[in-house]
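Colleague: Dock chain X with the ligands against the given chain B, drawing on the hints supplied.
Going down the list, the sequences are from chains B and X.
Those letters in the first sequence? Residues -19 to 377, per this note's numbering, in order.
Those letters in the second sequence? Residues 85 to 309, per this note's numbering, in order.
Since the hints were derived computationally from the structure, they do not count as laboratory data.
Owing to the predicted nature of the structure, the values given are computational and were not obtained by experimental measurement.
The beta carbon of each residue, even a glycine, is placed where N, CA and C say it ideally should be.
Hints are not guaranteed to be accurate.
Derived pair list, reagent style DSSO-like, types lysine-lysine, alpha-carbon separation capped at 27 Å [what the hints assert, rightly or not]:
| hint | chain 1 | residue 1 | chain 2 | residue 2 |
| --- | --- | --- | --- | --- |
| 1 | B | Lys130 | B | Lys116 |
| 2 | B | Lys286 | X | Lys248 |
| 3 | B | Lys4 | B | Lys204 |
| 4 | X | Lys142 | B | Lys286 |
| 5 | X | Lys108 | B | Lys364 |
| 6 | B | Lys286 | X | Lys161 |
| 7 | B | Lys24 | B | Lys45 |
| 8 | X | Lys222 | B | Lys286 |
| 9 | X | Lys279 | X | Lys91 |
| 10 | B | Lys364 | X | Lys142 |
| 11 | X | Lys91 | X | Lys115 |
| 12 | X | Lys309 | B | Lys286 |
| 13 | X | Lys309 | X | Lys142 |
Some chain X residues flagged as far from chain B (calculated, every beta-carbon gap over 10 Å) [what the hints assert, rightly or not]:
| hint | residue |
| --- | --- |
| 14 | Lys91 |
| 15 | Glu111 |
| 16 | Ser126 |
| 17 | Gly138 |
| 18 | Phe149 |
| 19 | Asn160 |
| 20 | Lys161 |
| 21 | Asn177 |
| 22 | Asn179 |
| 23 | Thr185 |
| 24 | Pro193 |
| 25 | Pro201 |
| 26 | Lys224 |
| 27 | Thr245 |
| 28 | His261 |
| 29 | Leu270 |
Given next are the chains, with one letter for each unit.
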Amino acid sequence: MTSLLIIIGVVMVIVFSGVSVSFKSMMIGSITDSMLGHLQIHKKGYVSSIDNLPLHLNINEKGIKQLENVFEKHTDVIEAFSYRIKFGAMLSNFQETTNIRLTAVQPQMENAACPRLVERINGDIQNPDKFIEQGKIIIPENLANGLKLKAGDEVVLIANNKDGSVNGLSLRVSNTIEGLMGPSGRDGFVHIEDAKTLLRIQGNEINEVAIRLKNPDNLNGMNKLLADELSHFENKQNKPVFELHTWADLSPFSTIAAIVNLLIITIKIVLIAIVLISILNVMMMSVYERVSEIGTISAIGTLPSKILWLFMAEGFSLAIISTIVGNIIGVLALLLINIANIHFSFGKMKNILLETSIAPSELISVSLIVIFIAVISSLQPALKASRMQPVDALRHV
Amino acid sequence: MSLVELKQVTKDYQIGEMFVRALKNIELDIKEQSFVSIVGPSGSGKTTLLNLIGCIDKPSSGEVFVNGTAVNSFSNKEAARFRGQHLGFIFQNFNLLPVLTTYENVEYPLIMVQNIPAGKRRERIMHYLEAVGMIDQKDKYPSQLSGGQKQRVAVARALVTDPKLVLADEPTANLDHATAFKVIELMKQMQQNLKTTFIFSTHDPKIVKEAEIIYTLEDGKLVSK
Ligand SMILES: Nc1ncnc2c1ncn2[C@@H]1O[C@H](COP(=O)(O)OP(=O)(O)OP(=O)(O)O)[C@@H](O)[C@H]1O
Ligand SMILES: [Mg+2]
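In isolation and in its complexed conformation, chain B is listed as follows (with noise of 0.2 Å):
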């Protein structure tokens, strides 16, 4: 009866973990694939002043020579990454102006980079290799609407360069796009030539590189050991030149999923306590049940050693059966949360599968953990048992 309390006490650490872990993935998944990759390289100084989006912090034309070799030596790794020029302008629809942050990319390089942008994208993409068009200019959706804009609008972009003069260059809207967090935001995309037009900027010259891991897992791995490459790179000072940092240095997200593995835990604390105590609980009633029985064997001759390994084997096997069974449920319930499809959206992008799974060392640490655990819980009642006194044991009826 109480093993059943294991069972299911097994049964909910899995499926907890499986659904939590898929639900962080998934969300860390949707902030890397579609605004910020896994990784992304600046000038040393760019992201303490990123609310600025300074022009002055640009990589040069050199300097995206030098990262480019990086790349070439890491392609092993390295899905995809993105030049982009971030900037702040004006958007007018020639009766009202309002402040707007733009990312100017190669459409080609950051649909690579950032697979799952053109899902945020609304309106249908025929290509999501040219979402943006020269002379073409996506807005956030809320400014749009502001503005009372709509796809084919002509709107006049207003920026300063990077020496202060004010250049002005008009556009089309070909799309809205809906921020990560919903339908607010203040950021749209332009093609990188049109920023070089809008800003002045002769030659090549970017202030962002984002960068597509091919396994995201190792991102830690990977950050240093890029790190480690970019750090050869040093200006006249003998200071870096760039600077390097995870999607999580960049994303206030982190905090949460920092917060979700600690809930993670708790329950997993919480779950285990059941555990522990279903086991000492068995074991305490198997013993009580059994105190003639005991005073029998013990009567006997049964060695009090042997008498505390009988009852030890009895918690051990009834928590390797218990985890058995509830590892298997609890594989068959994250199973059937993926049969039974189900979706849930994320800000604009709709319709993501929660796609449960665990991985193999999980469902190893959790057995090992409960196994453990009843071990240990057996000890108490394995050792009162052993330590009975067959006269007193054999009086109890």
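Modeller: Chain X with the ligands in isolation, oriented as in the chain B frame:
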């Protein structure tokens, strides 16, 4: 040669502040290969005496020798080992292990106590099941047996390890008269065939008559032999 020897044995129980003297200055000498009964009214100390001889309990004072060994100073572990090697037990409530079959109950002390290899066990178990007439019931569980049958199995279990001495505390108290008689007959027959010493307690006067030597306890004192 004496198998069991008690010298000036006293046993006190303490209940709160009160002391109960269950046995008083017992002097006892039981020879090998005898069939002994201990009788006395309820509360006279029969169980207490058998527990001391059976190394299940220790005297408050005095000495107990079994098979030439002073057993009153044993540790728990030493006592368990000694019981497993030299003694057999038959209980009033049969005390078979309910999850084991007849065969497995008889096998238990060979596996768990004497570590007899599997090959040598079967013949011995079958021999004793045969001797107590329980071979046909060897795959039944205790719950499927009658009281008399259970006690037969218990006799086989007590004897299978070849003990020097078998102790039986009221082995017939839970049996009807005819069955009780048969169980005592069985024990007597075993005692003659195997030369094992049996000590059993009872307060049934008719059963007592079957014994060769009868000790009478009264209020913790040995009053007659
Ligand atoms: N564990 C104990 N604690 C306290 N007193 C005890 C204990 N065991 C026995 N006694 C007392 O010791 C005395 C002898 O008890 P014992 O059980 O040996 O009698 P008995 O002859 O076996 O009786 P019965 O025929 O009812 O089984 C009794 O007065 C009993 O109350
Ligand atoms: Mg008694």
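Colleague: Checking one constraint from the list: CA of Lys4 of chain B to CA of Lys204 of chain B, max 27 Å. Satisfied?
Modeller: holds, 23 Å
Colleague: Straight-line Cα separation of Lys222 of chain X and Lys286 of chain B no greater than 27 Å?
Modeller: holds, 26 Å
Colleague: Beyond 10 Å on every Cβ pair: is that true for Lys91 of chain X relative to chain B?
Modeller: holds, 21 Å
Colleague: Under the criterion that the straight-line Cα-Cα distance not exceed 27 Å, is the pair Lys24 of chain B, Lys45 of chain B satisfied?
Modeller: holds, 17 Å
Colleague: Given the proposed pairing of Lys130 of chain B with Lys116 of chain B, does the C-alpha separation stay at or below 27 Å?
Modeller: Within the cut-off at roughly 12 Å; holds.
Colleague: Is Lys108 of chain X within 27 Å of Lys364 of chain B, Cα to Cα?
Modeller: Distance of about 32 Å is beyond 27 Å: violated.
Colleague: Quick one: work out the minimum CB distance from His261 of chain X to chain B and report holds if it exceeds 10 Å, violated otherwise.
Modeller: For His261 of chain X, whose nearest Cβ neighbour in chain B is about 24 Å away, the distance exceeds 10 Å, so it holds.
Colleague: Just want to verify: Glu111 of chain X was marked as not at the interface with chain B; is every Cβ pair farther apart than 10 Å?
Modeller: holds, 23 Å
Colleague: Are the Cα positions of Lys279 of chain X and Lys91 of chain X separated by 27 Å at most?
Modeller: With Cα atoms ~25 Å apart, Lys279 of chain X and Lys91 of chain X stay inside 27 Å; holds.
Colleague: Taking the shortest Cβ-to-Cβ distance between Thr245 of chain X and chain B, state whether it exceeds 10 Å.
Modeller: For Thr245 of chain X, whose nearest Cβ neighbour in chain B is about 8 Å away, the distance does not exceed 10 Å, so it is violated.
Colleague: Taking 10 Å as the cut and beta carbons as the points, is Pro193 of chain X off the interface with chain B?
Modeller: Given that some Cβ of chain B is not farther than 10 Å from that of Pro193 of chain X, nearest at about 5 Å, it is violated.
Colleague: For Asn177 of chain X, which was marked as not at the interface, is the minimum beta-carbon distance to chain B over 10 Å?
Modeller: Not fine: 8 Å to the nearest Cβ puts Asn177 of chain X too close to chain B.
Against the hints set out earlier in the document, violations occur for numbers 5, 12, 17, 19, 20, 21, 22, 24 and 27.
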